[in-house]
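Model the placement of chain B on the given structure of chain A, informed by the hints.
Chains as they are written, first to last, in the working numbering: chain A, 1 to 905; chain B, 1 to 108.
It is possible that some hints are incorrect.
What the hints assert, rightly or not - In silico DSBU-like cross-links for lysine-lysine, where the CA-CA straight-line distance does not exceed 35 angstroms: (1) B:Lys54 / A:Lys55; (2) A:Lys346 / B:Lys54; (3) A:Lys368 / A:Lys312; (4) A:Lys623 / A:Lys546; (5) A:Lys55 / A:Lys346; (6) A:Lys131 / A:Lys94.
As the list claims (entries may be wrong) - Some chain A residues well away from chain B (every beta-carbon gap over 12 angstroms; in silico): (7) Arg30; (8) Ser38; (9) Gly150; (10) Ala212; (11) Leu255; (12) Arg447; (13) Glu557; (14) Tyr887.
If you're looking for bench data, these hints aren't it; they were derived computationally from the structure. Keep in mind that this is a model prediction, so the values were computed, not measured. Where a beta carbon is used, it is the ideal one built from N, C-alpha and C, also for glycine.
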Amino acid sequence: MPKPIGKGPWLWLVTLIGVIVPRRLRADWRQEWAAELSYRETLLAEWHQLNWRTKLDLLWHSAGALMDALWLQPRRWEDEMIQDLRFGVRMLLKNKSFTAVAILSLALGIGANTAIFQLLDAVRLRMLPVKAPQELAEVHLADTKGMRGGIGRPTQVTNPIWEQIRDRQQAFSSIFAWGTNTINLAPGGEVRSARMLYVSGDFFNTLGVPPALGRVFTSADDERGCGAPGLIISHEFWQREYGGDANVIGRKLTLADHPLEIIGVTPANFFGMEVGRSFDLALPICAIPIVRGNDRLLSGIIWWLTVNGRLKPGWSVEQASSQMQRISPGLFEAALPANYPPPSVKDYLDSRLIAVPAGSGVSELREKYEQPLWLLLAIAGLVLLIACANLANLLLARASAREREIAVRQAVGASRGRLIRQLLVESLLLAAVGGALGAGLAQVMSRFLVVFLSTTADPVFLDLTPDWRVVGFATGLAVLTCLLFGLTPAIRVTRKEPGAVMKAGGRGMTASRERFSLRRALVVTQVALSLVMVASALLFARSLTKLRTVDTGFHQEGVLIARADFERLNLPRERYQAFKDELLDRIRAIPGVEAAAVVHEIPLDDWGGANVWMDGADARGGKHTSVSRVGPDYFKTLQIPLLAGRDFDARDRVGTPKVAIVNEAFARKFLNGLSPVGHRFWVEATPGDPDTPYEIVGLVRDTKYEDLREEFGPIAYYAAAQNAGAGPGAPLMIRSRLPQAETVAVVTRVLNEINPAISVSFRGFTTMIEATILRERLMATLSSFFGMLAFLLACIGLYGILSYSVTSRTNELGIRMALGAQRRDMSWLILREALLLVIAGLAVGFPMIFAVTRVAATLLFGLTPTDPISLFLAALLILAVAMVAGYLPARRATRVDPLVALRYE
Amino acid sequence: MTKSYLSYTMALILQVLDHGYRYGFDIMTITGLASGTVYPALRRLEDAGFVVSKWERPGIAQAAQRPPRKYYEVTGPGQTALVEARERFRLLTQLKPLATNKPARQKG
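Chain B on its own, in the form it takes in the complex:
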């Protein structure tokens, strides 16, 4: 993919990540995108160097008796790309950042 151009979906996901929604399923909940869209987009963003993925500390997962989750963070080049994308997709700037670091509640 070309680094200078992000599709709207990719830009949206990047913006949401920047606002603190760091897990795949949280992104799906907040954007309403399907899992089949979000995950490939995350892989491409990662390939492009716009995001990095990290594993959650095992202690947290062990305490909850589940496997550690993978979370994503926006990198420096990702920030630059996001600034560009905000210029093109003005709607992105209207998204509110996440107040706390809690996952969004799923409706229904």
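Chain A on its own, in the form it takes in the complex:
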């Protein structure tokens, strides 16, 4: 007996899902599923089992059709996509110049974006190349209130605190500390520096870093009094110094006169815990006395160790943090140094430890460059946007050329969706080729950026091998750009009625207003965006110039910094000063050297500070001043005018009453501008000294101290010779008429004559200052480059639309000429169009500037983000160059021959 056909919702579902099945399989597919479902339904009805449970079961089964349909998706590619691709390649090859321009601008745009993103990825997003980096946390003080002494980074602790943390913590399955510095490997003469990494015993095992060769340290290697233990070298050092010799294990390397045995080599991808820096040699913390004396181990006021740990399974960073806070009171009680400055003891004891995630390591580079890099990424993104607008414009122009082709295809039965897909495949091809080239270009550009950020004193080391994020970013950009520039033209060109297009047949006085208005809007956007970019480039460039020409208070040209170190001479401490004087006398005697002086705090590089109050004032009212320890002739060397009193001289020795020279800002802050010479001030006690009075013997002009960007602040200069604790080193500043290389050679020779065991390193003062404004230079250089690129693209866009306008209006122009229009009128006709477009672009761009440049405010020096000169210059520049871009088509308009034009179709 025939049964009625099933009508359950499952049949609807299958019909619906069938939509995504490739068309040529769809009918069969639907029938197979429908037949199975209705057969089952019939059967169930026959068995009297068609209840809600079996119905639900059927529905569930029909949902499986989705998986089946999805599985069939690749077949869509197989037939239709391959066909589209083949046709797309053919179309692109047919129009080589368009393809070349498109690919080049995409490659530049995607390349620049990817390069910057790659840098951001390396400094910000990437985790350390160690085992399970997400389990790592850093332990440091919650704030710096209780920290006194020599502080490397606010997140570092002293060795006594580290030892307490190690012994008391319960949150970490293992914990380690590390610190860095550079030391000199050369036995004398010019310094050959090596970047040291001092690590506690569990460092390598906690991080899960295996040795590439030999072995790594264990906790047995790091015990106080370990003397001269083994040494681990980095892969890079191994390659550089030993040529990757496999027999390096067991060889000796002499550090500060101690021959140390090389026991291991670290793997190539491991650079330590600091992103942006690498290391050469690693020693256990216990071995630091052999290179730096006992200070760092015992001192409770040298903050130089970073503490990291691996969380115990099941512990969160928050739990670890609260455990660290709980143990803090007892821990700081136990670690309190005996000589801690009394006013700071309470703050020290009140300090609290916290734990923060540390999977991506620490990085000075990150702190300094993260914000500029995001900003540059935004700027580079704008360049890409402009490039996309350009391509969209070109494609729109091309689309109108292909109008008839498209119309014919539609007429013979191509569906609109299929045509759009075909056009999008062409865009996708462009984007894919441009993206691939761009990704390659990014590899070069990002390495160039790293070189840009490196200085001789501070080389940047970054792992730039592309990871999934970089690949994903470049791919995403390519797809996005493809949609941006390809979708609109594809939709527009297929929207036309085929009949109308075929009838129009290209004959017409002027091109359709509507399509033209979209292209105009694109050019207006381009001009607006390039105004934003040119204006920000000008802002950054002017900011850099301002920084370079800012009044520092001293003259840096012709000054050389030389750090001489005579520790290896093993002189008795009381001979140090006499030896320094001798060095200085010999250097001052060099022909061409105008002045030289000892300077412990090189301006804009080192810094120190103290709490001081004037004699007779309340000690509690002590205020901060910067401090600089300098020798006689310092002011002469830097050409800082001495306004009153005297310079330091041979009278100022250890044992004589302490004297100081102050600057004008000091006099303003502490003496209300009174002449300070003859007054006395007190310096708050430090762990080494009690409260100490200083007599002011001189007054000098204000200078920059720590940073070019700062306002002049108070500085107290101490006489370097009165510092009993000075070490066996002489940081010198030398003003010379000779070229720098020559001064370096002569000074090296002179020091070598005195004693070959003196080691020395040199830096030009101007080079050093230039390095402090690297960030501004980066912003200025890159934003100028991007600004120019954007502007160039915008001009090409403007030129494109105007010449298209001239071509498509040839007919109209011919009639005008025939009716007596002058050449001048003709060119004005076209130029006016250019002018209108540019002015519209500027009008749109100005409000955008105000919105955008506010972000850049913190990166500018001496300028507001709305600096009128920069904005005016940017607008003027754009107007001028845009007129040139407009002039070329305008001239072509005047050359139209009316006879030819009227015959033209």
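For chain B alone, kept in the frame of chain A given last:
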């Protein structure tokens, strides 16, 4: 897919087909696999040439007033692959062939 290697699910489906369960839903009932697993597996087996699909004669379907069903049969290469698969998955050999050509009853 590689012809020499069948996953357990694929081998199971092939074995069940060999035993005479020829329709997608019958396979689901006997194996307990979800429809989202069985159908893609059938498509892959078909791509690999291990099974072929045929439409049921229209007369039968017309008599039951429903669209013709599609059924699957194991091919020669499919038999070879099944022999190999039985070596690897011993459990497959314990399946009993279908006695008649009637579809299995669905439980519940």
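Here is what the structure says about each hint:
1. Distance check on the hinted pair: Lys54 of chain B and Lys55 of chain A sit about 28 angstroms apart at the alpha-carbon level, within 35 angstroms; holds.
2. At most 35 angstroms may separate the alpha-carbon atoms for a hinted pair to count; Lys346 of chain A and Lys54 of chain B exceed this at roughly 89 angstroms.
3. Distance restraint check for Lys368 of chain A and Lys312 of chain A: the Cα-Cα separation of roughly 32 angstroms lies within the 35 angstroms cut-off, and the hinted pair is therefore satisfied.
4. Restraint check for Lys623 of chain A and Lys546 of chain A: satisfied, since their Cα atoms lie roughly 31 angstroms apart, inside the 35 angstroms limit.
5. Restraint check for Lys55 of chain A and Lys346 of chain A: the C-alpha separation of about 76 angstroms exceeds 35 angstroms, so the hint is violated.
6. Simply put, Lys131 of chain A and Lys94 of chain A have alpha-carbon atoms about 53 angstroms apart, too far for the 35 angstroms limit, and the pair is violated.
7. Separation of Arg30 of chain A from chain B is inadequate, the least Cβ-Cβ distance of about 9 angstroms not exceeding the 12 angstroms criterion.
8. For Ser38 of chain A, the shortest C-beta to C-beta distance to chain B comes to about 5 angstroms, within the 12 angstroms cut-off, and the non-interface label is violated.
9. A cut-off of 12 angstroms between C-beta atoms confirms that Gly150 of chain A is not in contact with chain B; the least separation is 65 angstroms.
10. For Ala212 of chain A, the requirement that its beta carbon stay farther than 12 angstroms from each beta carbon of chain B is met, with the minimum near 37 angstroms.
11. A cut-off of 12 angstroms between C-beta atoms confirms that Leu255 of chain A is not in contact with chain B; the least separation is 58 angstroms.
12. Non-interface call for Arg447 of chain A relative to chain B: holds, since the shortest CB-CB distance, roughly 41 angstroms, exceeds 12 angstroms.
13. Consistency note on Glu557 of chain A: stated as away from chain B, and its beta-carbon is indeed over 12 angstroms from all of that chain's, at 73 angstroms minimum.
14. For Tyr887 of chain A, the non-interface assignment is confirmed: its Cβ lies about 63 angstroms from the closest Cβ of chain B, beyond the 12 angstroms cut-off.
The earlier numbered hints that this structure contradicts are 2, 5, 6, 7 and 8.
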